[in-house]
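Residues per chain are reported as follows:
Number of protein chains: 2
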Amino acid sequence: MPTFTSHIAPQELARLASREYPSAETPVLQAAAEARAKGYDTICYPLTTDNWKTRWQDMCLLPGEDVKDRNALEQRAEAWRAKPAFLRDEITVTRLDEAEGAVVLISDWLELDASDDWVRHDAETALQQELAYASYLNAHTAVLPPPRNREHAASYARAVNACLHAVPFLELSVRISIYDPSVFRASSTPRGGRTPEPSSAVTVAPAQTPISTWEMWDLIHSTCDYNQRLSLTLDLTLPLPSTLGVLSQWLAEPVRHIFLPASAFIANAKGYPVLPKGTQAFIRDVMKLQPNIILSGTSAGRHGKGGESAYMQYIRHLEKTSPSVQAAQTEGTVEHFAQGYQDYLQAPLQPLMDNLQSATYQTFEQDPIKYRNYEEAIFLALSEWPRPGKILLCVAGAGRGPLVARSLAAIKRSGKDAFVYAVEKNPNAFVTLQDRKRREWGDSVELLYGDMRTLVVPEKVDILVSELLGSFGDNELSPECLDGAMRFLKSDGISIPASYTAHIAPLSSSKLFNESHSAKDQRTSAETPYVVMFNAINILSGDGGGVSGACGPSIQECWEFEHPRRDAVLDERGLPFTNSHNTRSAKLAFHIPHAGVLHGLAGYFEARLYGSVGLSIHPNTMDKVSRDMLSWFPLFFPFRDPLYLPGDSELHVSIWRLTNQRQVWYEWHAEAFLPVPRSTTRPGATPHVTLIKRQSQDGTLLSPRPRSAVALSPLIDAVDMPFIVETALEGGEGSKGVELVKIGQTALHNPHGRSSWIGL
Amino acid sequence: MPTFTSHIAPQELARLASREYPSAETPVLQAAAEARAKGYDTICYPLTTDNWKTRWQDMCLLPGEDVKDRNALEQRAEAWRAKPAFLRDEITVTRLDEAEGAVVLISDWLELDASDDWVRHDAETALQQELAYASYLNAHTAVLPPPRNREHAASYARAVNACLHAVPFLELSVRISIYDPSVFRASSTPRGGRTPEPSSAVTVAPAQTPISTWEMWDLIHSTCDYNQRLSLTLDLTLPLPSTLGVLSQWLAEPVRHIFLPASAFIANAKGYPVLPKGTQAFIRDVMKLQPNIILSGTSAGRHGKGGESAYMQYIRHLEKTSPSVQAAQTEGTVEHFAQGYQDYLQAPLQPLMDNLQSATYQTFEQDPIKYRNYEEAIFLALSEWPRPGKILLCVAGAGRGPLVARSLAAIKRSGKDAFVYAVEKNPNAFVTLQDRKRREWGDSVELLYGDMRTLVVPEKVDILVSELLGSFGDNELSPECLDGAMRFLKSDGISIPASYTAHIAPLSSSKLFNESHSAKDQRTSAETPYVVMFNAINILSGDGGGVSGACGPSIQECWEFEHPRRDAVLDERGLPFTNSHNTRSAKLAFHIPHAGVLHGLAGYFEARLYGSVGLSIHPNTMDKVSRDMLSWFPLFFPFRDPLYLPGDSELHVSIWRLTNQRQVWYEWHAEAFLPVPRSTTRPGATPHVTLIKRQSQDGTLLSPRPRSAVALSPLIDAVDMPFIVETALEGGEGSKGVELVKIGQTALHNPHGRSSWIGL
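Sequence lines, in order, name chains A and B.
417 is the number that the UniProt record's numbering gives to position 417 of the first sequence; each next residue is one higher, with no gaps.
498 is the number that the UniProt record's numbering gives to position 498 of the second sequence; each next residue is one higher, with no gaps.
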């Protein structure tokens, strides 16, 4: 639910001041009472009056000519600089109850990024003075004047950072519009016709694109070290561009307030106030951040119909039709299930090392989709089973028995003659299994207590059923466990799941960045993946090859595991000598269409259970494969430091699944490149496609695991990229003569000192 | 002094093994004895033999065809992966004394960056095995095989990082040549005709330029978090390009070894071995890092004259003619004075807050140049003094009296009638002053005890002499102190110094980065400037405008202070109301011609004492103005995190001198941009030059301090840059239609929680 704030304009306050108001004691209290009566949660008003503006200008912007009284004026200014203070009629409020829960507007004529050093200096002094007063009155939020001048945005940022350290508690909110009109008009200096500052527009490219104000915000935000008391007040006065890529950046930022004047509304056919399409869409999206909507000028009667309340009603309507809000409010959706867990970092489960609690099993057994799909997969496998006679199943990792029950149901439906072994290593869950066998399953099931990697099973089975998958597929050691279970699967037997793949995408989220850095030891806290229900994030990558034409899609596959696997070399016990066949690595190239800050990687999995039945949390396939499945949130691989990525750049991500005899862990790393026109095309770069063809024919250089070497090795990238680039060179459009210039990189992320986070 | 290491080739070891050697017990010990006899400090040899190479290849690079014995082979490989171990004849040494102080070469056929996943995997296992053995034998340094494949350099880096954590003590040294021939030839895979990996050359621009190997090294170095046990072995087998900008990058890296085969030498007219010009110049430069020179093949008699010893003699000759070495060995130079202080971080003095020790005064009084120039300045001021009659001088901050003595000497030389007041606030130094007055100066000097900012001086003086300058000019609060001293300077009086300016340049230095991050609290340790005698650094900026034509020179001025100043507004005591007139800020654009990593800013000052007499530690002017002056090392402003800068990028640095009533401090910040061709030229960007002209005519918007506003405000940049860019747009060459794309930024650096580092 968004909150609503009524913006009280200076004229309105003046009007109130001029008349009697019985119910309240001051104009602001009167305005607040009226606003609450109209259904607003709180009000928003200017902290200072024109008297303050006049005094500040007289002191700080001296006339150049009449030098005689200059010294007197300058002495007055110095006296103020020495002890900054307000006179009563320079500010609008004096009482705690006037400021309680209110959003106060700092003087918007303060140019913290003015081109003149001394204007900047005195504006900063005034800012500190106004914030100190707002803080004295316990105001909740102070809205800062918008940054106007890219050239001196760093000075604006430095001043705000200083205030965050000087003023306690108060939330500072930078008011900014989604694109920057000031590039083409004069920056509003109070006195004397200062010409605009096109310098930013001229020297810094993004300033002319819709992205520029985001770039200024990001400079301020990161310069203030992502301070949690620094937020955004998005000014939607101007109609929005409908290029959603650009807008989605803001959804990864701390947007706490939306400034929406009546003038931003247009009248619909019936004359009621509505918003332009682009703004509508954005409001729907931003609702998931539950912002505070600051409505302004709603009492001016701009629109024929609906009156003052029409504006709030319309926003409420947009909220109700917001996809994310609808999903969250619909029973049975993962969004509904995840209420309260958005952007909350959880350590992944380690069911192999730890024996799960009964309550944990219960939570996951409630998933309506996962087990339905498992039963369907088992049913299909049984139905298509070629040989006559009894079919032997084994549930490896039976837990409290959900897959056993589903297996029995599937057997019943298939009408086949089958028997089920149930293997479980958790002694506590094993008691539950015994209870269910006695009460439900009887002789159709035999329970076996022990670790599937070492346990002796009386006979080899035809179908091995397991649910060992994590959010990243293999991150709960399904490959290692099934290596052991293969001992009791017949050579022509089948495994359910048959295969699973891990997928990643680069993401931006200042919230997740703060979360993963809030821990005591920032180094280690940013070195392990977390399970997270994403909300305030932005996937930075786009589809479609990028400028070089060499990039993969927005979300890309890292690697795959298949079962039963034929490639592992086994000892006499039927176990692999080492775990090295379960190491994996991937190098993936992502196209970054719009500027953004990289904070981490989103991790997903897809699994094929049997035939066309599967499980997926991959955003592009989850609804098709396993809609409303609740068991897995995505994985979040954090980066220690944010990495700035310009628009149309490329991000090359390396990720490794590593192992020793005791542990499995991931390491990840990224490099950023900017495609620029190539001066000369280079010789001797034969398209690699011929290379890999030759390789896959006589696998001289392929490892003993050709399938994996072809399907999983980074060779794929090494092959595709130059190939595509080369063809592009022969007159492919866009990428013609492009070369990648390296512009940055992240740290290498690995569990420090190998403190395993997944124990074998 | 460099050390020398003799490289023992495998054939040489084989030859030694085949014959009897009385003096030593093993071929390696024999080789070591012979090398020492020839004047080498130690030897360098391969750790493994061909037997190892053969076994590894048989195990890890399986033939694709004959699948039948594949399983046996693969079992052998798995057995090795499970328990990696050498056979005796696979390694060259077994004894501690064989490895003592030696540089061992890891098998150079190991492809840690192979394109095939499994070749990489097994190469890493072999690397760990070889390093574990080298460490077991206490070898000092292990030289790693060169990275060959940009596409998988990240995997190489990850493997090295893992080894640094797995193996204690041992120094790992990455062997790499200054430019990358492998881009155009096949990477040397032992078996099977693997085609080269041009992918890097194709997809990553720098790979074809001389810079590419540095980019690979930097990726490895930074991925290993600048580990102090990771060093460089520069391979100078190939003749060097003479573009020194590219080479100077390496001087900011931990170059511990130089690999120099006899084949790199050419014969001079007389037939003696000498090096090509480019290599000569580089060797001279790199001598300041005191590298270990690994000579190879010197006994082969490649060159007619001089025999085996000629090579070492020639390198010694280059060392003697190395400018940095010569400077360090010449009495009286700052380099000689600074021996042992190179790249050592010192906290700047705070003579205002702390009363200095007599020994500290003594050190600085030994400066032969500084006081000579002061005396000259005073002499000129006296000589040119217009009015007849007694001239009153005041030495503000007399310390132990060096400037008093110089003033008296100057008075004597000038033949003028003058009198000297000496003001000092350090009670201990004041005793020394009394002693000197009694013994040396008599009635020609009157001593005044107290702080020049508050002290009452009997009469106003004509000439005020002070030495309050720091490495950055104003960083020891000279402006604040002289504000107070102005009270007793006549309105037409002279200040010596008359003015001083602060200058910065962006620099790269992994050494200084490690130094400033070694402290306990890394955040604060990287937040204050240090005084440093620079050695292993590289100034990243170049002269000449850059691609946009908008950049200043390599080293740029931040701001200036002038004395006596007319702009401050004074109270009845003659003191400024606030210190705000001493705040400064600068925004400077630097051209970065070659890729590098930004670690901090170098800070310098220039001062004008009187007329043309001055003091300077600015690299471009110090030799002209005050050659061999010893009193000041440069200032180093560190950045918390390294920032990667591509070639031809621009760095926009903001730096502020800030103040409150109690403290003065600096804050600094940088943004990186890459100039790219502009799609469309933008309208409405009027050249700013008109703007500033209008401003300086009627200074409506100028501060009450026009001089400073013009001379110091970032307006200058805001003006110049767009102006130049605009003209460029009207057909200036090079920068035609260039726009700057932001590619990164640093954190904002400030003393945390305002813990002042300069107390007023």
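Everything labelled a hint here was simulated from the structure, so no lab data went into it.
Treat the hints with caution; some may be incorrect.
Copies of the same chain look alike in the list, so a pair counts if it works inside one copy or between any two.
[Claimed, not checked] Cross-link-like lysine to any residue pairs, in silico, SDA-like; alpha carbons within 20 angstroms at most:
| no. | residue 1 | residue 2 |
| --- | --- | --- |
| 1 | K83 | D571 |
| 2 | K305 | E667 |
| 3 | K490 | D567 |
| 4 | K53 | W109 |
| 5 | K83 | N660 |
| 6 | K288 | G278 |
| 7 | K83 | Q663 |
Hint check:
Only between protomers do K83 and D571 lie at most 20 angstroms apart by alpha-carbon distance; the minimum there is 15 angstroms, versus 83 angstroms within a single protomer. In this assembly of identical chains, the alpha carbons of K305 and E667 never lie at most 20 angstroms apart, being 60 angstroms within a copy and 55 angstroms across copies at closest. Taking the shortest Cα distances, K490 and D567 sit within 20 angstroms of each other inside one copy (16 angstroms), while across copies they are farther apart (93 angstroms). Taking the shortest alpha-carbon separations for K53 and W109, only the intra-copy value of 8 angstroms comes in at or below 20 angstroms, while the best inter-copy value is 74 angstroms.
Within a single copy, K83 and N660 get their C-alpha atoms only as close as 66 angstroms, which misses the 20 angstroms cut-off; across copies the closest is 11 angstroms, which meets it. Within a single copy, K288 and G278 get their C-alpha atoms as close as 17 angstroms, which meets the 20 angstroms cut-off; across copies the closest is 62 angstroms, which misses it. Proximity of K83 and Q663 under a CA criterion of 20 angstroms is satisfied inter-copy only: 16 angstroms between copies versus 63 angstroms inside one chain copy.
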